[in-house]
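Asker: Protein chains in written order, with this note's numbering: chain W, 1 to 250; chain L, 1 to 250.
Some hints could be false.
The list makes no distinction among identical chains, and a pair is therefore deemed to hold if it is satisfied within one copy or across any two copies.
[Stated by the list, open to error] Cross-link-like lysine-lysine pairs, in silico, DSSO-like; alpha carbons within 30 Å at most:
id	residue 1	residue 2
1	176	74
2	93	238
3	74	93
4	74	166
Simulated from the structure, these hints should not be mistaken for laboratory data. As the structure is a computational prediction, the values presented were derived from the model and not from experiment.
There are 2 protein chains.
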Amino acid sequence: MPNETIRLLQSHVSERDFTGEPVADEVLDTIVRAAQRTPTHRHGQQISLVVVRDAHTRQRLYEVTAGPQPQITKAPVFILVAVDFHKTAVAVKAGGGEQHFHESLEGWTVGAVDAGITLATLSTAARSFGLGAVAIGAIRHDPQPVIDLLGLPPRTFPIVGICIGKVNRPAQLRLKPRLPLSTYRHDERYRVDALTPDILSAYDAELLAYWREVGRPDGVPWTQRVQPYSTSIHPETKIIAERQGFTLAE
Amino acid sequence: MPNETIRLLQSHVSERDFTGEPVADEVLDTIVRAAQRTPTHRHGQQISLVVVRDAHTRQRLYEVTAGPQPQITKAPVFILVAVDFHKTAVAVKAGGGEQHFHESLEGWTVGAVDAGITLATLSTAARSFGLGAVAIGAIRHDPQPVIDLLGLPPRTFPIVGICIGKVNRPAQLRLKPRLPLSTYRHDERYRVDALTPDILSAYDAELLAYWREVGRPDGVPWTQRVQPYSTSIHPETKIIAERQGFTLAE
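Using the sequences plus the hints, can you model the full thing?
Answerer: What follows is the structure, given as structure tokens:
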């Protein structure tokens with residue numbers, strides 16, 4: 001039953017071992033145009049991309065991104081997906097109004113969701129050409145240098161990035177295990193007790209086995225992987241968002 | 001050069017004229033599994049779906065969603081994409097900690113971006129089977145009844161929904177025009193002056209021509225379409241998010 005697109009989606013792995021070979025202009029153009037075709041909330045088109053190929057700029061982006069994420073320097077293309085309420089503000093003003101939407105949590109949420117839609121489409125389009133791709137969420141954890149480096153104006157924010165390029169692949173594809181489908185898909189109503197201690201233990205063991213298989217003895221079980229959620233908050237996200245005009249008071 | 005997946009992505013239109021025919025279980029299962037394979041920030045898997053097929057529940061969802069959005073009752077399948085920090089909280093607790101990540105804007109942003117990635121993948125997967133799909137962002141504008149109806153626990157939130165099903169299609173595909181690529185794709189640095197008054201006027205005219213072509217004389221130019229951004233904020237998004245535990249103080 002699966003078609004070519006389903007096979008592509010169901011074989012998704014994040015790939016980081018970029019060869020560094022450049023991506024052809026027409027391929028990159030096709031990938032970007034596919035992303036622009038995605039829907040946006042209320043057809044607001046509140047997304048812009050900054051396509052970075054310059055090695056010096058990628059080096060600087062690497063330096064300000066926690067991780068470390070050396071793939072930013074290794075991949076020939078880094079694309080920043082920015083929420084962009086600058087363009088809508090220009091259009092609102094042209095129509096005689098003044099934009100306040102970006103000052104609400106709803107506006108921020110619209111932008112973040114649209115950025116996610118865009119990211120997934122960039123990734124799927126790149127992978128359809130046989131390229132590898134990996135998302136870089138950490139690009140927003142120290143946003144001010146990114147804003148300065150890429151010249152982002154007020155009412156925009158660097159939400160997420162993606163590295164794209166040709167990659168070295170292991171001989172055998174290994175899919176990273178997910179939590180059981182029963183904890184992800186709920187039919188008709190959410191089942192609060194879907195994630196039991198037994199399921200959690202079994203998944204921890206499954207993930208550890210995966211790490212061993214792919215030669216990553218430093219890999220940790222999922223309950224350990226999410227421990228930083230007990231403290232991590234990355235306050236710069238909110239501080240710099242406010243500075244860019246996303247006051248989110250309502 | 002384009003492959004099957006690129007053709008699918010570049011022909012994207014939001015479709016609402018659902019026939020009501022049911023979606024086969026194995027097709028729906030394949031679509032959901034494709035979505036679960038998408039990456040999540042830090043492999044946190046902070047997303048859950050609620051698959052709604054029950055006609056009464058879809059009727060209720062329709063009643064609490066602004067629009068109006070009759071496609072929620074017409075499409076045989078509605079899938080809610082929820083940000084879900086309940087599962088991570090269970091895992092953090094199992095590891096001896098207590099989760100605070102969901103109380104930060106960074107946590108909320110992670111969830112919204114991951115929800116967008118999930119939505120795009122659900123849409124692409126459904127469309128690869130020839131089905132139609134349309135996103136429903138307005139599902140979060142009056143979130144409390146949605147939370148109650150679908151039984152969403154604390155630390156979860158209904159971010160966005162999608163209607164999926166067989167659709168009636170016009171004889172000729174018409175792609176809704178986007179702003180010029182020069183305002184969407186920036187190379188190396190954002191160009192603040194990319195969206196000029198001339199470009200805006202030309203795009204308004206292009207969009208009006210599109211509305212006429214598709215027989216929608218009520219369609220408006222873009223500068224008019226975004227006018228609600230001068231006031232619209234949907235305060236319930238923030239109020240109910242806080243009630244669900246997303247305090248976002250930092």
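Asker: Indicate which option fits the pair residue 74, residue 93 if close means a Cα-Cα distance not exceeding 30 Å: within, between, both or neither.
Answerer: neither (42 Å within a copy, 37 Å between copies)
Asker: Cα distance capped at 30 Å. Does residue 74 pair with residue 166 within a copy, between copies, both, or neither?
Answerer: within (10 Å within a copy, 43 Å between copies)
Asker: When no copy is named, should residue 176 and residue 74 be tagged within, between, both, or neither for a Cα gap of at most 30 Å?
Answerer: within (23 Å within a copy, 37 Å between copies)
Asker: Go through the copies and call it for residue 93 and residue 238: within, between, both or neither, with a Cα cutoff of 30 Å.
Answerer: So residue 93 and residue 238 pass the 30 Å test inside a copy (26 Å) and across (26 Å) alike.
Hint compliance for this structure: hint 3 is the single one not met.
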